[in-house]
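Listed below, chain by chain, are the residues.
Number of protein chains: 2
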Amino acid sequence: MQLYSFFNSSTSYRVRIALALKGLTFDTIPVNIRAGEHRTDAYVDDVNPSAAVPAIVDGGVALGQSIAIIDYLDAKYPEPRLVPQDLEARARVLELSMLISCDIHPVNNLRVLKYLQGTLGLTPEQKDAWYRHWIDEGMAGVERLLAKHGHGSWCFGDAPTLADICLVPQITNAQRMGCDMSAYPRAMAVLALAKTHPAFLAAAPNRQPDYTA
Amino acid sequence: MQLYSFFNSSTSYRVRIALALKGLTFDTIPVNIRAGEHRTDAYVDDVNPSAAVPAIVDGGVALGQSIAIIDYLDAKYPEPRLVPQDLEARARVLELSMLISCDIHPVNNLRVLKYLQGTLGLTPEQKDAWYRHWIDEGMAGVERLLAKHGHGSWCFGDAPTLADICLVPQITNAQRMGCDMSAYPRAMAVLALAKTHPAFLAAAPNRQPDYTA
Numbered sequence: 025m026q027l028y029s030f031f032n033s034s035t036s037y038r039v040r041i042a043l044a045l046k047g048l049t050f051d052t053i054p055v056n057i058r059a060g061e062h063r064t065d066a067y068v069d070d071v072n073p074s075a076a077v078p079a080i081v082d083g084g085v086a087l088g089q090s091i092a093i094i095d096y097l098d099a100k101y102p103e104p105r106l107v108p109q110d111l112e113a114r115a116r117v118l119e120l121s122m123l124i125s126c127d128i129h130p131v132n133n134l135r136v137l138k139y140l141q142g143t144l145g146l147t148p149e150q151k152d153a154w155y156r157h158w159i160d161e162g163m164a165g166v167e168r169l170l171a172k173h174g175h176g177s178w179c180f181g182d183a184p185t186l187a188d189i190c191l192v193p194q195i196t197n198a199q200r201m202g203c204d205m206s207a208y209p210r211a212m213a214v215l216a217l218a219k220t221h222p223a224f225l226a227a228a229p230n231r232q233p234d235y236t237a
Numbered sequence: 025m026q027l028y029s030f031f032n033s034s035t036s037y038r039v040r041i042a043l044a045l046k047g048l049t050f051d052t053i054p055v056n057i058r059a060g061e062h063r064t065d066a067y068v069d070d071v072n073p074s075a076a077v078p079a080i081v082d083g084g085v086a087l088g089q090s091i092a093i094i095d096y097l098d099a100k101y102p103e104p105r106l107v108p109q110d111l112e113a114r115a116r117v118l119e120l121s122m123l124i125s126c127d128i129h130p131v132n133n134l135r136v137l138k139y140l141q142g143t144l145g146l147t148p149e150q151k152d153a154w155y156r157h158w159i160d161e162g163m164a165g166v167e168r169l170l171a172k173h174g175h176g177s178w179c180f181g182d183a184p185t186l187a188d189i190c191l192v193p194q195i196t197n198a199q200r201m202g203c204d205m206s207a208y209p210r211a212m213a214v215l216a217l218a219k220t221h222p223a224f225l226a227a228a229p230n231r232q233p234d235y236t237a
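As they're listed, the protein sequences go chains A and B.
My numbering numbers the first residue of the first sequence as 25 and each following residue consecutively.
My numbering numbers the first residue of the second sequence as 25 and each following residue consecutively.
These aren't lab readings, by the way, just hints derived from the structure by calculation.
One should not assume that every hint holds.
The list treats identical chains as one, so a pair stands whether inside a single copy or across any two.
[To be verified] Below, computed lysine to aspartate or glutamate pairings styled on EDC-like, alpha-carbon distance capped at 16 Å: (1) K172 x D65; (2) K172 x D70; (3) K151 x D51; (4) K138 x E161; (5) K46 x D98; (6) K100 x D204; (7) K172 x D69; (8) K100 x D82.
Kindly produce the complete structure, drawing on both the sequences and the hints.
Written as structure tokens, this is what we have:
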């Protein structure tokens, strides 16, 4: 299997965690999204028509979108399960995962920040305030969901799920951008646990072949 | 079952389509997000800790996030299936659904447009250019995915799936904002079909109890 990945991409990081949790071997093919490599004809035509990272190529299947990839991996390589099969447990994991994937991450990713600073000419202070605003909005919801439904040492139970896979890269990204995360103790406890877990460590940005400081 | 919904919310619209396709009966409880009703303590505490629409209450289960809700409905009320069970068919449906739910919709929803115009003071022209930019970026990917993997009269096959459920509200929203969608003929063919389908019609914003022109 090949993983097309950028070291600092939160969505690539999600897939790297999933692959590591499942113990799957894969080749990382770095795609420098800062340099626009995800927009080349070869990449869009052959790997990912939506012109983004991550993507996997697994035999004849080329697939983009981190959540779709992890769902695919979970069906094809079900040990350990990352999305529970029990109806309500599954719903809770997906609810938190979608809150992060749909409500927090997209408004703060590289292409949006580039548009704000480039096309709209926002100051660094305005851009940072934008970033913090959506982190605070979204993480308040994450923390309330964890307070209401969370249990065990991870978000939902004593093994990591898709919820943790979405949460850890999001917090890592927020910390890199200088956000104060002290208002989210339940989420931060998950991050602390992830920092002791081999799969989360192996998937971290600074362990990737394309990492630059 | 209760559905907490705002007539013009694309994500509420998705869940309304899913409920209608499955022939489930439910009570619509309007939540006026323009007036901030999704942020009241009662709503956040009792219905949706992430302070957003849509949410459902199904017996003892209160659940937010449209994709999580539709996955839940698909497991509990599996006829007709909205997310295929076949590995690759499922991956294609989720890939397109996530492209819309994660890469297009979030950057153009009400709260983001409010921030752009309110906090950042963008002109209506700048806001419209922002909206069109992300529609064009995202819909180009949608159209390429449909060209590569689409088949049948809907996005993927001869029955609607989650992909169509995500696509139709997104196009409807873009048309409401005045976007030219002629560059996306495959997507527009799905919209034309949806306009003849009773479940899509029943779920449309102008059929909702809280609709205002």
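Status of the hints after comparison with the structure:
no. : hint        : verdict
1   : K172 x D65  : between (46 Å within a copy, 14 Å between copies)
2   : K172 x D70  : between (44 Å within a copy, 10 Å between copies)
3   : K151 x D51  : neither (35 Å within a copy, 41 Å between copies)
4   : K138 x E161 : between (21 Å within a copy, 14 Å between copies)
5   : K46 x D98   : within (9 Å within a copy, 26 Å between copies)
6   : K100 x D204 : neither (38 Å within a copy, 40 Å between copies)
7   : K172 x D69  : between (44 Å within a copy, 9 Å between copies)
8   : K100 x D82  : within (11 Å within a copy, 31 Å between copies)
In summary, the numbered hints that this structure violates are 3, 6.
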